[in-house]
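Protein chains: 2
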Amino acid sequence: EPQTKRPRVDLASSAFYSQGLSTFRVPMSMHAANRSRVLKALLESGFLASERSVMFFQGGAEIPHYDTDTHNLFQQESNFMYLFGVEEPGFFATIHTLTGETTLFVPHFEEDYAIWMGKIHSLSHWQTKYEVDHVFFVGEIKSVLSRQNISELLVVYGQNSDSHAFSILPNFPGIEDFTVNKTDLYAPLVETRVIKSEQEIELLAWINKISSEAHVAVMESCHVGMTEFQLESIFLHYIYTNGGCRHVAYTCICGAGENSAVLHYGHAGNPNKGVLCDGNIALMDMGAKYHGYAADITCSFPVNGMFSERQRLIYNIVRDAQLTVESHIRPGVRWLSMHRLAEERILIGLISANIIKGDMEELKSHNIAALFMPHGLGHFLGLDVHDVGGYLGDAHQRPQELGAKSLRTTRTLLPNMVITVEPGVYFIPFLLEKALAGPQSRFLNAEILRSFFDFGGIRLEDDVVVTETGVRVLTTVPRDPDQIQEIMRKNRV
Amino acid sequence: EPQTKRPRVDLASSAFYSQGLSTFRVPMSMHAANRSRVLKALLESGFLASERSVMFFQGGAEIPHYDTDTHNLFQQESNFMYLFGVEEPGFFATIHTLTGETTLFVPHFEEDYAIWMGKIHSLSHWQTKYEVDHVFFVGEIKSVLSRQNISELLVVYGQNSDSHAFSILPNFPGIEDFTVNKTDLYAPLVETRVIKSEQEIELLAWINKISSEAHVAVMESCHVGMTEFQLESIFLHYIYTNGGCRHVAYTCICGAGENSAVLHYGHAGNPNKGVLCDGNIALMDMGAKYHGYAADITCSFPVNGMFSERQRLIYNIVRDAQLTVESHIRPGVRWLSMHRLAEERILIGLISANIIKGDMEELKSHNIAALFMPHGLGHFLGLDVHDVGGYLGDAHQRPQELGAKSLRTTRTLLPNMVITVEPGVYFIPFLLEKALAGPQSRFLNAEILRSFFDFGGIRLEDDVVVTETGVRVLTTVPRDPDQIQEIMRKNRV
Ligand SMILES: [Mn+2]
Ligand SMILES: [Mn+2]
Numbered sequence: 031e032p033q034t035k036r037p038r039v040d041l042a043s044s045a046f047y048s049q050g051l052s053t054f055r056v057p058m059s060m061h062a063a064n065r066s067r068v069l070k071a072l073l074e075s076g077f078l079a080s081e082r083s084v085m086f087f088q089g090g091a092e093i094p095h096y097d098t099d100t101h102n103l104f105q106q107e108s109n110f111m112y113l114f115g116v117e118e119p120g121f122f123a124t125i126h127t128l129t130g131e132t133t134l135f136v137p138h139f140e141e142d143y144a145i146w147m148g149k150i151h152s153l154s155h156w157q158t159k160y161e162v163d164h165v166f167f168v169g170e171i172k173s174v175l176s177r178q179n180i181s182e183l184l185v186v187y188g189q190n191s192d193s194h195a196f197s198i199l200p201n202f203p204g205i206e207d208f209t210v211n212k213t214d215l216y217a218p219l220v221e222t223r224v225i226k227s228e229q230e231i232e233l234l235a236w237i238n239k240i241s242s243e244a245h246v247a248v249m250e251s252c253h254v255g256m257t258e259f260q261l262e263s264i265f266l267h268y269i270y271t272n273g274g275c276r277h278v279a280y281t282c283i284c285g286a287g288e289n290s291a292v293l294h295y296g297h298a299g300n301p302n303k304g305v306l307c308d309g310n311i312a313l314m315d316m317g318a319k320y321h322g323y324a325a326d327i328t329c330s331f332p333v334n335g336m337f338s339e340r341q342r343l344i345y346n347i348v349r350d351a352q353l354t355v356e357s358h359i360r361p362g363v364r365w366l367s368m369h370r371l372a373e374e375r376i377l378i379g380l381i382s383a384n385i386i387k388g389d390m391e392e393l394k395s396h397n398i399a400a401l402f403m404p405h406g407l408g409h410f411l412g413l414d415v416h417d418v419g420g421y422l423g424d425a426h427q428r429p430q431e432l433g434a435k436s437l438r439t440t441r442t443l444l445p446n447m448v449i450t451v452e453p454g455v456y457f458i459p460f461l462l463e464k465a466l467a468g469p470q471s472r473f474l475n476a477e478i479l480r481s482f483f484d485f486g487g488i489r490l491e492d493d494v495v496v497t498e499t500g501v502r503v504l505t506t507v508p509r510d511p512d513q514i515q516e517i518m519r520k521n522r523v
Numbered sequence: 031e032p033q034t035k036r037p038r039v040d041l042a043s044s045a046f047y048s049q050g051l052s053t054f055r056v057p058m059s060m061h062a063a064n065r066s067r068v069l070k071a072l073l074e075s076g077f078l079a080s081e082r083s084v085m086f087f088q089g090g091a092e093i094p095h096y097d098t099d100t101h102n103l104f105q106q107e108s109n110f111m112y113l114f115g116v117e118e119p120g121f122f123a124t125i126h127t128l129t130g131e132t133t134l135f136v137p138h139f140e141e142d143y144a145i146w147m148g149k150i151h152s153l154s155h156w157q158t159k160y161e162v163d164h165v166f167f168v169g170e171i172k173s174v175l176s177r178q179n180i181s182e183l184l185v186v187y188g189q190n191s192d193s194h195a196f197s198i199l200p201n202f203p204g205i206e207d208f209t210v211n212k213t214d215l216y217a218p219l220v221e222t223r224v225i226k227s228e229q230e231i232e233l234l235a236w237i238n239k240i241s242s243e244a245h246v247a248v249m250e251s252c253h254v255g256m257t258e259f260q261l262e263s264i265f266l267h268y269i270y271t272n273g274g275c276r277h278v279a280y281t282c283i284c285g286a287g288e289n290s291a292v293l294h295y296g297h298a299g300n301p302n303k304g305v306l307c308d309g310n311i312a313l314m315d316m317g318a319k320y321h322g323y324a325a326d327i328t329c330s331f332p333v334n335g336m337f338s339e340r341q342r343l344i345y346n347i348v349r350d351a352q353l354t355v356e357s358h359i360r361p362g363v364r365w366l367s368m369h370r371l372a373e374e375r376i377l378i379g380l381i382s383a384n385i386i387k388g389d390m391e392e393l394k395s396h397n398i399a400a401l402f403m404p405h406g407l408g409h410f411l412g413l414d415v416h417d418v419g420g421y422l423g424d425a426h427q428r429p430q431e432l433g434a435k436s437l438r439t440t441r442t443l444l445p446n447m448v449i450t451v452e453p454g455v456y457f458i459p460f461l462l463e464k465a466l467a468g469p470q471s472r473f474l475n476a477e478i479l480r481s482f483f484d485f486g487g488i489r490l491e492d493d494v495v496v497t498e499t500g501v502r503v504l505t506t507v508p509r510d511p512d513q514i515q516e517i518m519r520k521n522r523v
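Protein sequences, first through last, are from chains A and B.
For the first sequence, our numbering gives the first residue as 31, with consecutive numbering after it.
For the second sequence, our numbering gives the first residue as 31, with consecutive numbering after it.
Check the hints yourself; a few may be wrong.
Copies of the same chain look alike in the list, so a pair counts if it works inside one copy or between any two.
Mimicking DSSO-like on lysine-lysine, the simulated pairs with C-alpha atoms at most 30 Å apart in a straight line are [stated by the list, open to error]:
no.: 1; residue 1: K387; residue 2: K149
no.: 2; residue 1: K70; residue 2: K464
no.: 3; residue 1: K70; residue 2: K435
no.: 4; residue 1: K239; residue 2: K520
no.: 5; residue 1: K303; residue 2: K212
no.: 6; residue 1: K303; residue 2: K70
no.: 7; residue 1: K435; residue 2: K172
no.: 8; residue 1: K520; residue 2: K172
no.: 9; residue 1: K520; residue 2: K212
no.: 10; residue 1: K70; residue 2: K172
no.: 11; residue 1: K212; residue 2: K172
no.: 12; residue 1: K387; residue 2: K70
no.: 13; residue 1: K394; residue 2: K149
no.: 14; residue 1: K435; residue 2: K159
no.: 15; residue 1: K212; residue 2: K149
no.: 16; residue 1: K159; residue 2: K387
no.: 17; residue 1: K149; residue 2: K435
FYI, nobody ran anything at the bench for these hints, they're computed from the structure.
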């Protein structure tokens, strides 16, 4: 049943974004605070505020589906969303470096827009909706900036440390009359995004709660004979119906059986269409997006509702790694050391399970853990699911070896960083066969190991906030195997 | 309950695409037939087949989400899907103009792909999967073409008559060594796409059936107090769970009340978040996509499950226009004349309803119908929801006046064209106020008309095939108001 609770009464008169019903109300003051914090960081970085300098931002535009008459459903660019909360395409904005005043430039529409797309709003509508100081049309950018005597535009320009993509530079007719400063804004803005405000954390907590509930809904409905995409569909339906979340933060990864050992399964080349077979483990990595912000949660459970002995064995190894890391997270701890801690717990678990053997220091120096967890322990989370800033600050250089080379940050943790804790143990036959044929083989109990080749993998992913003293786990999915069995049993009676 | 029927047993040994369970099996022979038909059309257009000429196609690539580490979920480019049925990004292909032989170029992956994305398949896997004559890697395009002694590449290049976007030209290192022919392929290929094969029609019929069932599921669950997006979510969940349809053919339009009078409501600037209020009409324009092919269906119904008198009145006018058009469709009939027929039926209906008045010829010459239906009667449908070719063939030039100017084709109908029949009547206050203030006002009964300003709009959209003798309606949604009430009543008891 869709949720149709009445909207909460909000006594504050300020503008907010929400999807209605009981969905979260994001106050526009959150974005105003983001703007202030970025300006503060810019000035603290040594940039001299000037009445002739503004930070300049271009929001996203609709992207056509090739040369057809349809578009991909628009989603705002993350920096623009962070600073202005604008849900619509085609906007520009400035923040004055001296006064902090914000100017929004809104697209102009011809009369036909009102027939096809909806009401054409006045400039004051946009000013009220987004709580900015000034509003003009996009066509006026050059003249407004000239009238304001602006000469310098600070733009965001840097390279994403995960995708290696460069920022898309803003553009408008007349931009050549201004000095475009590509160097000073990137680091202050990204660093500000790394440390979340309390308002952002409450938003992320809510998205996590909705996404966690949706994962439970998936477990409740799961049974042998369904397909992976039917589980994906349950998740999507839940977050949209109950959370107003029209988008996911990333393509849903819904692998059962051997598919669960493909880390980023679910893409168009491997699209969640396997059948859930008796005895399979299911690995569900799915997170909602709301007002541009992301959740990133992974659950693993047996599709028939009952953990087999070996499923419980591997599950408990991964859960131990996750709990150990979460109990060690606090400001001042380096993420790379948390990754090593998770690897150590996994090694200990695999030794007890008799899958691997040998001296702990040797196991570490031969990178045996990465054969089973060939990815990083976790990554920043915010507007982007792999959020920005992982290799700024005091980051160590990206490691070279399997596993750690996929760490999306190596930084020292600070209060109000939000990061995922997602250890996993996977049995990836081609990787393990290669190890069995090389110098790592002396650490592997080949026969037992091979008996796991059809196992797939287990990942458990929580989203956590680094607090002053430790950690706050935002993810609320059940993690205890008995609790999961109990939830899944209900569907069967 | 998700549908988990067993896959149908298919005695043919040929390759096919399907999402498993009881979803449709699209034989790769459909694409082979498409290739043959395009080659035939090319030769019939006067192009001289040559052992040195191939048709050359570049499939779609993944599109990053701005500069982040995520991508929009890949969907294949329509011409590439039409000819090769390839679901994955990064492919190229050729069809030899003399032999008709097809060569597929598949992307090469590094070993890490197997960890993150899945099994790295052999070339023979792709040959079997897509039933092509030759398979090589993308990096080999230039050397393979040179070895085959190819000198001319025929590429698709033209302008979409709806979006005005130009085809994206293919590119690969070394393309400058070949003659690129941009002129000869576009029209034969597009014309072939306009006339659907029997296999394509059966596929479109199935997508229509799944989409129709999903519309019924929406009606069954609809009640006052829900939001528009909750209806959208029911549709999406239905088509994915039961049809394996991960994509829609276009952004869902789910407007209730006044929102139903916004023709392309539902986009990011107007995102289906209105609350369903007692007395509202709901207009649901939603269609699934499967293996690249589209459905496009609109239903309109009262959110409380009972048509009011005026809702039934307007509904019946629109339904009459739809039925009248469908009974007149046959080969040789010009689509522009069908548009005029729909307008005439709407005028007759609005006269009976006392909303407009005057002599029929005068009403027509003053374009009064377009005040209520300011869009075209329908458009070709196939891979694209607004399918290609509307202004090729014997098309008349696009009309200039409101309504007809939005016709996406004016052509004479031919057997196996697939087209939408989607008359509508909308009360768009700003449009009608303008009319009331001008020379059209003498045809309008102002008081009665104004009483409809909060009505919204009704559209009924069927997808039909032009047959040798008439029409085959693919859409299977209930259209009779009593039948709709009966479906919606069940939810209430
Ligand atoms: Mn993650
Ligand atoms: Mn349509």
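Which numbered hints fail: 2, 3, 5, 6, 7, 8, 9, 12, 14, 15, 16
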